[in-house]
Amino acid sequence: MSKVVFSPARINIIAKNTFLEAVRQKFFGFLVIIALGIILSSQVFRDFNFGAPELKFIADFGFGAIVLFGSVLAIVATAQLFFSEIENKTAITILAKPIFRSEFIFGKFLGVSLLLLVFTGMMTVILSVLLFWRETAIMEGVDPEAFEAGRMVAYGDIFLYGIVQWLKFSILCGITMVVASFSNTNLYSVILSFVILLICHLQYLARDAWAQMEFLPVQLAVFMLSAVFPNFQLFNIGDQIALGESIPFELGARIIGYALIYIIVFNLLAVFSFRKREI
Amino acid sequence: MTSAISIEDLTKDFPLGFGHLKLRAVEDLSLEIADNQVFGLLGPNGSGKSTTIKVILGLLAPTRGTCGIFGTPSAEVSSRRDVGFLPEAPYFYRYLTGFELVRFFGRICQVEKSKLNDRVHEVIEWVGLKEAAHRRVGTYSKGMLQRIGLAQALVHDPRLVILDEPTAGVDPVGSAEISSLILKLKEQGKTIILCSHLLGQVEDICDRIAILNRGKLILEGELRDLVSKKDLRSVVVQDYREEYNDELAGWLQARESRLVSVEQPQYSLDRVFLEHVGRSELAREKLSERAEVAKQQDTASGKDNEEKKKSS
Amino acid sequence: MNWKALVVIFVVLFVVGLAVRPVEGPAWDELREREPSLRLADLEDALGQGVTVGLLGGFRAIVADLLWIRTNVIWEQQETAVIPATETMIRLVTTIDPRPVYFWLNGARMIAYDMSVWRVREAGDYGNIPDAAVRRYHDEQAETAIRLLERAREFHPDRPEILIEIANIYLRRMENEEKAAEYYRIAAEMEGAPPYAARIHAEILRRMGEYEQAYEWLKELYATLDPGNPAHQKQVVLGRIRELEDTLDVPLIQRFQP
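From first to last, the protein sequence lines stand for chains A, B and C. Residue numbering for the first sequence is 21 to 299, as defined by my numbering. Residue numbering for the second sequence is 11 to 322, as defined by my numbering. Residue numbering for the third sequence is 56 to 313, as defined by my numbering.
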């Protein structure tokens, strides 16, 4: 009998199936509608005739909606898809086939990551269209002086923002997968993942303040904490873009590189933890 | 020729909580399952059947012992290349149609792309779901789910098919249909392992059985031997010869009796099973139930015999 | 749960966390440079402001935006009764999110130009009350606005718009031409300053009778202007130089040669 070898084709099949399953969940549609509602609700700013600054308000709302609902989607969809496989015994059926567990994990990750890309992409495009439309209207009507130097919104940076957030959500998906691979319930995984998300957002405090701790054991503990968790503040570039500051290429490249490293690491850890899991 | 499955000294423990307490699900199990037969794996709930199957399929790692499929250790992914598995009460991706579902698993098993669609149609037709192939799995009845489950297990034409409670919750007609599909699989040269509580079905189709209780193998052998070995009260005559038939029938008729059939008497498998598992109360209940059924069957087969005689 | 696996996961993450610092470090330093609220001066900062910023993450801007809308709703009532509330809201918005210059500038405008008018109107309106009273209301509101803008300078030391705003308030509300000229000059000397700041500086000097100073300033300015940029209005500047030369009676031979 010939050996079964690692197959990207199988990963692709699992990913596609995971993606389709996720898209057909009511939860996804619900989040998309709410996020869209929030982005579009920035239209209330029109009533105030802020002029050009209206664009900043729209961008703030758009970025906020993407960050909030993208994070929720990354955690809940990952945990949900993972545990539905186990609870519905589809995982048993699949893993009883000639397939490596790593293929299963990578496939699940790629499926959810694709879902997150669709979500982030959709929101970014809608936000850009809305900004472009309002910018044109304000340029031609309310506040032409503000646009002497041409268009104010850096659309390229908005797409960079979309990419960076998508990568951050993908790390979050990887984290949730590691958590799900050793925990027994969906709810526990979701809660623990949200706690880790919070820690990652606060990691920079430990990262920048550990040396100031006076008591050596505390210093060591805080240092450990800062090294173990990734720094999610690094992805927080939306405010800068909304304020009209452009993101230099090297900074963008470093952030993307950092995200890719963590995506790979969390995927490998999920495989490691899931390898021995008894189904 | 290598066995379809060989299990040697298999023990599987599950840790209980944080202490060193362990639940022993399977203990020192050794089993050889030869190629091309229908093998029944029987046992009450919690007897270790499902655990054994999961170890065979590499879903669980054994605590001790070894397990292999056609000579390849279960720990290797390659061992599952020639296995089709229908889990108990399968619940598939509900939004896929039957066709898409079987196709999905076909691609996972790397059925050649050029042959995939034909093969999927073939197995769906074979399990009798041609009409429902393009309906969503979510709308399927229990019987249909079992049949689509069988189709996905067979899509890559495996040599070994493992069926976990394939007729659980399926009505008697559907159940009989699945039985006949299993027998057809055997005709195709496949090995079938059947886990079932429905002993009537097991009795009808299995060549060999093994009974597990509390993780231990307590009985294994040819079904026919097992059910006919026992000292049965329905043994009528010893050293019987076929030429006695007419004379005996006449002799009986003269005494207002009638020869219904001449056959080797058997206990019902239910009784063998329950006796060994030691649930005597349940056994008595079951026995009286079975006795009713047996009477009706006897009458029916008597008619059959008469008809056969007439035609010959 | 498998504790051994958990330990392995932590160790791997620890090693990766250290190994990835060369990629992350420079990016983090740059981001922190651009984002004052991420800089932690000391431990108290880390625990107070840091946690708030960290938790609010991308939502701080939204919170400030919503409070800004609330500020506008209150301001729309246009009466002295809402002055304390409006001023408090402006301070709150700029404290939560000091980054948008927009909040500072518009808050200062509300305080200097709108609130002073409300106060005059409610005291009997322009023309009916003594000039000294009008003067006092204007000055008081202007001072509050300038204090706000001086705080804005701490957050945005390199933004000329703030200085121009201060100069405007001195000029239009306090009629303090000296101060206005000074702030226009500082603004004009900053990078990214709008070209009109330099012209207004000269204009105020001229109005104050400082013709020499204005003339020197404009001559220096002229050399830096781009004839292709309509905002620079190079010809207008030259016209002003000529006017000043007439006023100063500069002999033809000594006149400015572009």
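Incorrect hints may have been included.
The list that follows gives simulated cross-link-like pairs (lysine-lysine, DSBU-like), each with its CA atoms no further than 30 Å apart [as the list claims (entries may be wrong)]:
hint: 1; chain 1: A; residue 1: Lys-296; chain 2: C; residue 2: Lys-289
hint: 2; chain 1: B; residue 1: Lys-226; chain 2: B; residue 2: Lys-196
hint: 3; chain 1: B; residue 1: Lys-194; chain 2: A; residue 2: Lys-109
hint: 4; chain 1: C; residue 1: Lys-274; chain 2: A; residue 2: Lys-109
hint: 5; chain 1: A; residue 1: Lys-36; chain 2: B; residue 2: Lys-194
hint: 6; chain 1: A; residue 1: Lys-23; chain 2: B; residue 2: Lys-123
hint: 7; chain 1: A; residue 1: Lys-109; chain 2: B; residue 2: Lys-226
hint: 8; chain 1: A; residue 1: Lys-36; chain 2: B; residue 2: Lys-196
hint: 9; chain 1: B; residue 1: Lys-196; chain 2: B; residue 2: Lys-123
hint: 10; chain 1: A; residue 1: Lys-109; chain 2: B; residue 2: Lys-32
hint: 11; chain 1: B; residue 1: Lys-32; chain 2: A; residue 2: Lys-36
hint: 12; chain 1: B; residue 1: Lys-125; chain 2: B; residue 2: Lys-194
hint: 13; chain 1: A; residue 1: Lys-23; chain 2: A; residue 2: Lys-36
hint: 14; chain 1: A; residue 1: Lys-109; chain 2: B; residue 2: Lys-125
hint: 15; chain 1: B; residue 1: Lys-32; chain 2: C; residue 2: Lys-59
hint: 16; chain 1: B; residue 1: Lys-140; chain 2: B; residue 2: Lys-196
hint: 17; chain 1: B; residue 1: Lys-32; chain 2: A; residue 2: Lys-296
hint: 18; chain 1: B; residue 1: Lys-125; chain 2: B; residue 2: Lys-196
hint: 19; chain 1: A; residue 1: Lys-46; chain 2: B; residue 2: Lys-152
hint: 20; chain 1: B; residue 1: Lys-152; chain 2: B; residue 2: Lys-140
hint: 21; chain 1: C; residue 1: Lys-234; chain 2: C; residue 2: Lys-274
hint: 22; chain 1: B; residue 1: Lys-196; chain 2: B; residue 2: Lys-152
hint: 23; chain 1: A; residue 1: Lys-296; chain 2: B; residue 2: Lys-125
hint: 24; chain 1: B; residue 1: Lys-152; chain 2: A; residue 2: Lys-23
hint: 25; chain 1: B; residue 1: Lys-123; chain 2: B; residue 2: Lys-32
hint: 26; chain 1: A; residue 1: Lys-296; chain 2: B; residue 2: Lys-226
hint: 27; chain 1: A; residue 1: Lys-296; chain 2: A; residue 2: Lys-36
hint: 28; chain 1: A; residue 1: Lys-109; chain 2: A; residue 2: Lys-46
hint: 29; chain 1: B; residue 1: Lys-152; chain 2: A; residue 2: Lys-109
hint: 30; chain 1: A; residue 1: Lys-36; chain 2: B; residue 2: Lys-226
hint: 31; chain 1: B; residue 1: Lys-125; chain 2: A; residue 2: Lys-23
hint: 32; chain 1: A; residue 1: Lys-36; chain 2: B; residue 2: Lys-140
hint: 33; chain 1: B; residue 1: Lys-140; chain 2: B; residue 2: Lys-125
hint: 34; chain 1: C; residue 1: Lys-289; chain 2: C; residue 2: Lys-274
hint: 35; chain 1: A; residue 1: Lys-109; chain 2: A; residue 2: Lys-36
hint: 36; chain 1: A; residue 1: Lys-109; chain 2: B; residue 2: Lys-140
Partner residues aside, some chain A positions facing chain C, computed with beta carbon under 7 Å [as the list claims (entries may be wrong)]:
hint: 37; residue: Leu-245
hint: 38; residue: Ala-247
hint: 39; residue: Val-248
hint: 40; residue: Leu-254
No lab work stands behind these hints: they were computed from the structure. In this text, a Cβ means the ideal position worked out from N, Cα and C, and glycines have one as well.
How the hints compare with the structure:
Using a Cα cut-off of 30 Å, the hinted pair A:Lys-296 and C:Lys-289 is violated, with the two alpha carbons roughly 77 Å apart. Note on B:Lys-226 and B:Lys-196: the hinted pairing holds, with a Cα-Cα distance of about 27 Å set against a maximum of 30 Å. Restraint check: the Cα-Cα separation between B:Lys-194 and A:Lys-109 comes to about 27 Å, which is no more than 30 Å; the hinted pair holds. For the proposed pair C:Lys-274 and A:Lys-109, the alpha carbon gap of about 84 Å is over 30 Å, so the pair is violated.
Restraint check for A:Lys-36 and B:Lys-194: not satisfied, since their Cα atoms lie roughly 34 Å apart, outside the 30 Å limit. A distance of roughly 19 Å separates the Cα atoms of A:Lys-23 and B:Lys-123; the hinted pair therefore holds under the 30 Å criterion. Between the alpha carbons of A:Lys-109 and B:Lys-226 the distance comes to roughly 26 Å, so the proposed pair stays at or under 30 Å and holds. Between the alpha carbons of A:Lys-36 and B:Lys-196 the distance comes to roughly 35 Å, so the proposed pair goes past 30 Å and is violated.
Distance hint between B:Lys-196 and B:Lys-123 is fulfilled; the C-alpha atoms sit about 27 Å from each other, no more than 30 Å. Distance hint between A:Lys-109 and B:Lys-32 is fulfilled; the C-alpha atoms sit about 25 Å from each other, no more than 30 Å. About 40 Å separates the Cα atoms of B:Lys-32 and A:Lys-36, which puts this hinted pair outside 30 Å; it is violated. A hinted pair counts as satisfied when its Cα atoms are at most 30 Å apart, and B:Lys-125 with B:Lys-194 qualifies at roughly 22 Å.
With a CA separation close to 25 Å, the supplied pair A:Lys-23 and A:Lys-36 stays within the 30 Å bound. A threshold of 30 Å between alpha carbons decides the hint, and for A:Lys-109 with B:Lys-125 the separation of about 28 Å falls inside it, so the pair holds. At most 30 Å may separate the alpha-carbon atoms for a hinted pair to count; B:Lys-32 and C:Lys-59 meet this at roughly 18 Å. Taken as a hint, the B:Lys-140 and B:Lys-196 pair is honoured in the structure, with Cα atoms around 22 Å apart against an allowance of 30 Å.
Pair hint B:Lys-32 plus A:Lys-296 holds up; C-alpha atoms about 18 Å apart against a cutoff of 30 Å. Distance restraint check for B:Lys-125 and B:Lys-196: the Cα-Cα separation of roughly 23 Å lies within the 30 Å cut-off, and the hinted pair is therefore satisfied. Pair hint A:Lys-46 plus B:Lys-152 holds up; C-alpha atoms about 25 Å apart against a cutoff of 30 Å. Distance check on the hinted pair: B:Lys-152 and B:Lys-140 sit about 16 Å apart at the alpha-carbon level, within 30 Å; holds.
Straight-line distance between C-alpha atoms of C:Lys-234 and C:Lys-274 comes to about 22 Å, which keeps the hinted pair within the 30 Å bound. Between B:Lys-196 and B:Lys-152 the CA atoms are separated by roughly 24 Å; this keeps the pair inside 30 Å, and the hint holds. Under the criterion of a C-alpha separation no larger than 30 Å, the hint pairing A:Lys-296 with B:Lys-125 is inconsistent with the structure, at around 34 Å. Distance hint between B:Lys-152 and A:Lys-23 is unfulfilled; the C-alpha atoms sit about 36 Å from each other, more than 30 Å.
For the proposed pair B:Lys-123 and B:Lys-32, the alpha carbon gap of about 46 Å is over 30 Å, so the pair is violated. Between the alpha carbons of A:Lys-296 and B:Lys-226 the distance comes to roughly 25 Å, so the proposed pair stays at or under 30 Å and holds. Restraint check for A:Lys-296 and A:Lys-36: satisfied, since their Cα atoms lie roughly 25 Å apart, inside the 30 Å limit. This hinted pair checks out: A:Lys-109 and A:Lys-46 have alpha carbons roughly 21 Å apart, not beyond 30 Å.
For the hint linking B:Lys-152 to A:Lys-109, the alpha-carbon distance of about 15 Å falls within 30 Å, and the restraint holds. A distance of roughly 42 Å separates the Cα atoms of A:Lys-36 and B:Lys-226; the hinted pair therefore is violated under the 30 Å criterion. Only pairs whose Cα atoms come within 30 Å are accepted, and B:Lys-125 paired with A:Lys-23 is accepted, the gap being roughly 21 Å. For a cut-off of 30 Å, the pair hint linking A:Lys-36 to B:Lys-140 stands: about 25 Å separates their Cα positions.
Taking the CA atoms of B:Lys-140 and B:Lys-125, the gap is near 18 Å; set against the 30 Å cutoff, the hint holds. Simply put, C:Lys-289 and C:Lys-274 have alpha-carbon atoms about 11 Å apart, close enough for the 30 Å limit, and the pair holds. Simply put, A:Lys-109 and A:Lys-36 have alpha-carbon atoms about 19 Å apart, close enough for the 30 Å limit, and the pair holds. Restraint check for A:Lys-109 and B:Lys-140: satisfied, since their Cα atoms lie roughly 25 Å apart, inside the 30 Å limit.
The interface hint given for A:Leu-245 is broken, as the beta carbon of that residue sits about 10 Å from the closest beta carbon of chain C, more than 7 Å. Nearest Cβ of chain C to the Cβ of A:Ala-247: about 4 Å, under the 7 Å cut. The hint holds. Annotation: A:Val-248 was flagged as interfacial toward chain C, and the flag holds, the nearest CB pair being 5 Å apart, inside 7 Å. Hint status for A:Leu-254: holds, given a least beta-carbon distance of 6 Å to chain C, under 7 Å.
When held up to the earlier numbered hints, the structure conflicts with 1, 4, 5, 8, 11, 23, 24, 25, 30, 37 and fits the remainder.
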